[in-house]
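> Protein sequences appear in the order of chains F and D.
With the numbering used here applied, the first sequence corresponds to residues 1 to 383, in that order.
With the numbering used here applied, the second sequence corresponds to residues 1 to 383, in that order.
The hints are simulated quantities; they were obtained by calculation from the structure and are not laboratory data.
Computed from a predicted structure; not experimentally measured.
Glycine residues also receive a C-beta, built at the ideal position from the N, C-alpha and C atoms.
Where hints are given, some of them may not hold.
Residues of chain D placed beyond 12 Å of chain F at every Cβ, according to the derived structure [claimed, not checked]:
id	residue
1	ASP107
2	GLN131
3	SER239
4	ARG266
5	LYS334
Straight-line C-alpha distance at most 30 Å; calculated DSS-like pairs for lysine-lysine [to be verified]:
id	chain 1	residue 1	chain 2	residue 2
6	F	LYS334	D	LYS63
7	F	LYS334	D	LYS86
8	F	LYS63	D	LYS86
Protein chains: 2
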Amino acid sequence: MSQESIYLDYAAATPLDSTVLEAMILYFSDVFYNPSAPYEGGRLARDALESARSEVAQVLGAKSTNVIFTAGATESIQIALVGLLKSGGYAVIGATEHAAVRGCVRDFPSRIALADNRGYITPESVRKVIQDDTVVVSIALADSEFGTVQPIADIAHMINLVRHDRREKGNKTPLYLHSDGSQATGSLELKTSRLGVDLLSLNASKCYGPKQVGVLWVRNGIVLEPLVSGGGQERGLRSGTENVAGAVGCAKAISMAQTMRYDENRRLQELRTYLLQQLEQIDGLVVDGHPKKHLPGHLHVHISGLDSERVIYRLDIDGVYIATGAACAANKGKRNPALEAVGMTPAEADGSLRISLGRSTTKQQLEIAARAIKRAIDLERGL
Amino acid sequence: MSQESIYLDYAAATPLDSTVLEAMILYFSDVFYNPSAPYEGGRLARDALESARSEVAQVLGAKSTNVIFTAGATESIQIALVGLLKSGGYAVIGATEHAAVRGCVRDFPSRIALADNRGYITPESVRKVIQDDTVVVSIALADSEFGTVQPIADIAHMINLVRHDRREKGNKTPLYLHSDGSQATGSLELKTSRLGVDLLSLNASKCYGPKQVGVLWVRNGIVLEPLVSGGGQERGLRSGTENVAGAVGCAKAISMAQTMRYDENRRLQELRTYLLQQLEQIDGLVVDGHPKKHLPGHLHVHISGLDSERVIYRLDIDGVYIATGAACAANKGKRNPALEAVGMTPAEADGSLRISLGRSTTKQQLEIAARAIKRAIDLERGL
Numbered sequence: 001m002s003q004e005s006i007y008l009d010y011a012a013a014t015p016l017d018s019t020v021l022e023a024m025i026l027y028f029s030d031v032f033y034n035p036s037a038p039y040e041g042g043r044l045a046r047d048a049l050e051s052a053r054s055e056v057a058q059v060l061g062a063k064s065t066n067v068i069f070t071a072g073a074t075e076s077i078q079i080a081l082v083g084l085l086k087s088g089g090y091a092v093i094g095a096t097e098h099a100a101v102r103g104c105v106r107d108f109p110s111r112i113a114l115a116d117n118r119g120y121i122t123p124e125s126v127r128k129v130i131q132d133d134t135v136v137v138s139i140a141l142a143d144s145e146f147g148t149v150q151p152i153a154d155i156a157h158m159i160n161l162v163r164h165d166r167r168e169k170g171n172k173t174p175l176y177l178h179s180d181g182s183q184a185t186g187s188l189e190l191k192t193s194r195l196g197v198d199l200l201s202l203n204a205s206k207c208y209g210p211k212q213v214g215v216l217w218v219r220n221g222i223v224l225e226p227l228v229s230g231g232g233q234e235r236g237l238r239s240g241t242e243n244v245a246g247a248v249g250c251a252k253a254i255s256m257a258q259t260m261r262y263d264e265n266r267r268l269q270e271l272r273t274y275l276l277q278q279l280e281q282i283d284g285l286v287v288d289g290h291p292k293k294h295l296p297g298h299l300h301v302h303i304s305g306l307d308s309e310r311v312i313y314r315l316d317i318d319g320v321y322i323a324t325g326a327a328c329a330a331n332k333g334k335r336n337p338a339l340e341a342v343g344m345t346p347a348e349a350d351g352s353l354r355i356s357l358g359r360s361t362t363k364q365q366l367e368i369a370a371r372a373i374k375r376a377i378d379l380e381r382g383l
Numbered sequence: 001m002s003q004e005s006i007y008l009d010y011a012a013a014t015p016l017d018s019t020v021l022e023a024m025i026l027y028f029s030d031v032f033y034n035p036s037a038p039y040e041g042g043r044l045a046r047d048a049l050e051s052a053r054s055e056v057a058q059v060l061g062a063k064s065t066n067v068i069f070t071a072g073a074t075e076s077i078q079i080a081l082v083g084l085l086k087s088g089g090y091a092v093i094g095a096t097e098h099a100a101v102r103g104c105v106r107d108f109p110s111r112i113a114l115a116d117n118r119g120y121i122t123p124e125s126v127r128k129v130i131q132d133d134t135v136v137v138s139i140a141l142a143d144s145e146f147g148t149v150q151p152i153a154d155i156a157h158m159i160n161l162v163r164h165d166r167r168e169k170g171n172k173t174p175l176y177l178h179s180d181g182s183q184a185t186g187s188l189e190l191k192t193s194r195l196g197v198d199l200l201s202l203n204a205s206k207c208y209g210p211k212q213v214g215v216l217w218v219r220n221g222i223v224l225e226p227l228v229s230g231g232g233q234e235r236g237l238r239s240g241t242e243n244v245a246g247a248v249g250c251a252k253a254i255s256m257a258q259t260m261r262y263d264e265n266r267r268l269q270e271l272r273t274y275l276l277q278q279l280e281q282i283d284g285l286v287v288d289g290h291p292k293k294h295l296p297g298h299l300h301v302h303i304s305g306l307d308s309e310r311v312i313y314r315l316d317i318d319g320v321y322i323a324t325g326a327a328c329a330a331n332k333g334k335r336n337p338a339l340e341a342v343g344m345t346p347a348e349a350d351g352s353l354r355i356s357l358g359r360s361t362t363k364q365q366l367e368i369a370a371r372a373i374k375r376a377i378d379l380e381r382g383l
């Protein structure tokens with residue numbers, strides 16, 4: 001990152017942590033062997049891969065045999081959702097889910113669990129759209145637009161009741177809860193027993209780990225149909241020579257973030273409060289998302305009628321990097337459906353700014369950034 | 001690699017080249033931005049990604065808009081083959097194709113083009129199994145077991161004639177030639193116009209580039225059905241935040257290997273000849289694959305009745321790393337079908353050794369390795 005710029009888009013990407021890179025480097029050119037190879041080098045690579053798997057499993061409080069390394073969270077989500085839906089049945093997804101989730105269910109029958117105007121999805125809202133043939137519910141731990149943290153344990157509890165009901169009625173259709181933990185990998189609780197989920201997708205690249213590396217955790221006994229067969233790696237669900245360096249980096253990044261999260265979350269929360277105090281002086285600014293249940297460093301605001309794209313270009317010139325919404329090719333020139341899902345008008349949606357803080361964010365940076373944001377909005381308003 | 005060991009399994013994995021790593025490192029923690037982000041950092045990442053794409057395109061003599069970065073060759077192959085077969089029609093694959101190709105066609109109707117006892121697949125052999133509803137033929141540039149280089153340009157020519165025939169007969173079924181260039185990425189001609197292929201999969205990790213990064217080149221105008229939708233990156237064919245560092249490393253590795261290949265191929269060829277001279281003294285040793293059309297550093301041999309797995313374990317103790325066959329989880333405890341495809345008996349197949357040389361291989365290493373191989377075989381024979 002250049003010294004002058006102030007990066008406030010950690011929800012879109014995080015830099016690779018230097019400790020994580022250090023852990024990976026051995027596996028680039030030294031222990032570079034194919035983990036399926038039958039000699040010592042191969043065993044060393046295999047051992048590193050399995051240690052990484054155990055490290056992730058420990059964070060999840062899960063068995064390592066249920067942890068699969070993937071080429072990113074999008075792939076984790078695909079393996080989970082398509083793997084369940086291929087054999088038939090309906091899906092239910094949250095109204096604010098990422099394009100990665102929406103894309104998976106496009107070829108399958110699905111229904112949407114509505115969010116309230118804070119982006120919050122209650123168990124009742126999910127319950128309403130579960131049918132007798134729904135096989136999977138997918139609700140993110142926290143969404144990427146508003147950073148609203150969902151009541152996933154309560155949703156899991158409700159799903160358990162539905163399962164109980166089904167058993168009573170002799171309905172043998174299984175029902176699983178998948179959660180996209182991409183945005184939450186660095187900051188929220190990931191113990192699967194506390195979350196109550198059946199499948200969990202994690203993203204290394206959003207918690208200072210390597211890009212295009214992810215995790216899928218699958219509860220014992222759940223059988224997924226592989227998208228495509230191949231070399232049979234990762235329990236046959238992710239064929240291709242394993243990316244040992246990536247897995248090592250992914251595990252290190254997740255476990256580091258989880259160790260740091262109590263202190264770091266408090267720090268980010270304080271910084272967010274400070275930033276909000278500065279921005280609330282702006283006329284017409286509305287804070288989106290849930291006022292309490294949100295990711296610690298995530299702030300989504302809007303000013304109806306503002307051209308936020310132009311604001312972002314002005315800020316870019318000042319070296320302040322923020323987003324209009326989830327940075328993703330699918331959203332190019334289109335509004336993120338999550339904005340409409342919380343009842344925003346087009347004028348409100350187009351006036352949205354997403355500001356996400358991270359490990360290198362300082363109060364001083366936010367002071368400068370807040371001034372720049374105010375100035376940019378003033379200029380946009382012709383003030 | 002430990003100083004004492006002699007690595008002769010470059011067909012299974014190659015170390016990351018230090019120049020390649022150097023090119024990648026900027027994109028880990030510095031220009032780590034999401035290429036879809038709308039500010040300068042995002043544009044820098046996007047520029048790096050597009051430069052990498054151009055670098056690959058130049059090697060292929062192709063337009064960069066037709067180059068897609070993927071999470072490895074297995075994924076490239078899946079996007080190509082499943083993307084063509086999803087809309088219906090038969091596939092034809094070579095008898096010695098990798099599990100990545102075999103896996104793709106498992107869910108679709110397909111036929112096998114036979115190989116001769118050298119693993120060579122002639123245009124005639126492919127022609128025999130093309131039907132009126134065949135939509136894709138997939139033949140590797142060189143196979144991973146024997147390293148036999150296929151007459152891909154001749155196969156492409158034959159396919160052109162079939163297309164011509166179809167047009168004459170009013171058969172509108174398209175017919176495409178895909179080639180898995182995984183084993184060949186570092187050493188063979190990759191100009192798509194000379195190869196005559198319509199789709200080409202490449203593997204960075206077999207030519208001293210990063211693992212889990214690959215390329216798929218798709219000829220202009222060919223429409224592939226995406227496996228799953230998502231964020232819409234890479235022309236909608238490979239959703240997920242782009243691995244910029246990986247793409248940069250992949251491009252660098254491919255272009256470096258292609259620049260070096262004339263000299264390096266000659267060097268490897270000479271080393272292979274030297275190794276073969278040493279090994280030919282072993283009683284009952286048979287050289288497999290094509291005597292002339294083979295990858296320069298690839299040597300496959302067998303001794304009928306030998307327990308090659310035990311030989312490999314003995315060699316492992318001596319620090320000499322070679323393979324029994326394609327290192328791939330799918331082959332664990334199973335014979336690679338390629339062995340049977342060239343008419344080898346089970347006793348011959350189980351007595352197979354694959355020795356593949358690479359950039360760090362020296363004549364001195366081969367002298368030591370050859371002695372160790374002879375000794376290990378002698379011990380196995382109770383001599």
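> Evaluate each hint against the coordinates.
Status of each hint after checking the structure:
1. Here ASP107/D does not stay apart from chain F, with its beta-carbon only about 8 Å from theirs, under the 12 Å limit.
2. With a least beta-carbon separation of about 23 Å from chain F, GLN131/D lies farther than 12 Å from that chain, consistent with its non-interface assignment.
3. Distance to chain F contradicts SER239/D as a non-interface residue, since its nearest Cβ pair spans about 5 Å, not more than 12 Å.
4. For ARG266/D, the condition that its CB be more than 12 Å from all CB atoms of chain F holds, with the nearest at approximately 25 Å.
5. Under the 12 Å C-beta cut-off, the non-interface status given to LYS334/D relative to chain F is violated; the minimum distance is some 10 Å.
6. Using a Cα cut-off of 30 Å, the hinted pair LYS334/F and LYS63/D holds, with the two alpha carbons roughly 27 Å apart.
7. Straight-line distance between C-alpha atoms of LYS334/F and LYS86/D comes to about 28 Å, which keeps the hinted pair within the 30 Å bound.
8. Between LYS63/F and LYS86/D the CA atoms are separated by roughly 36 Å; this puts the pair beyond 30 Å, and the hint is violated.
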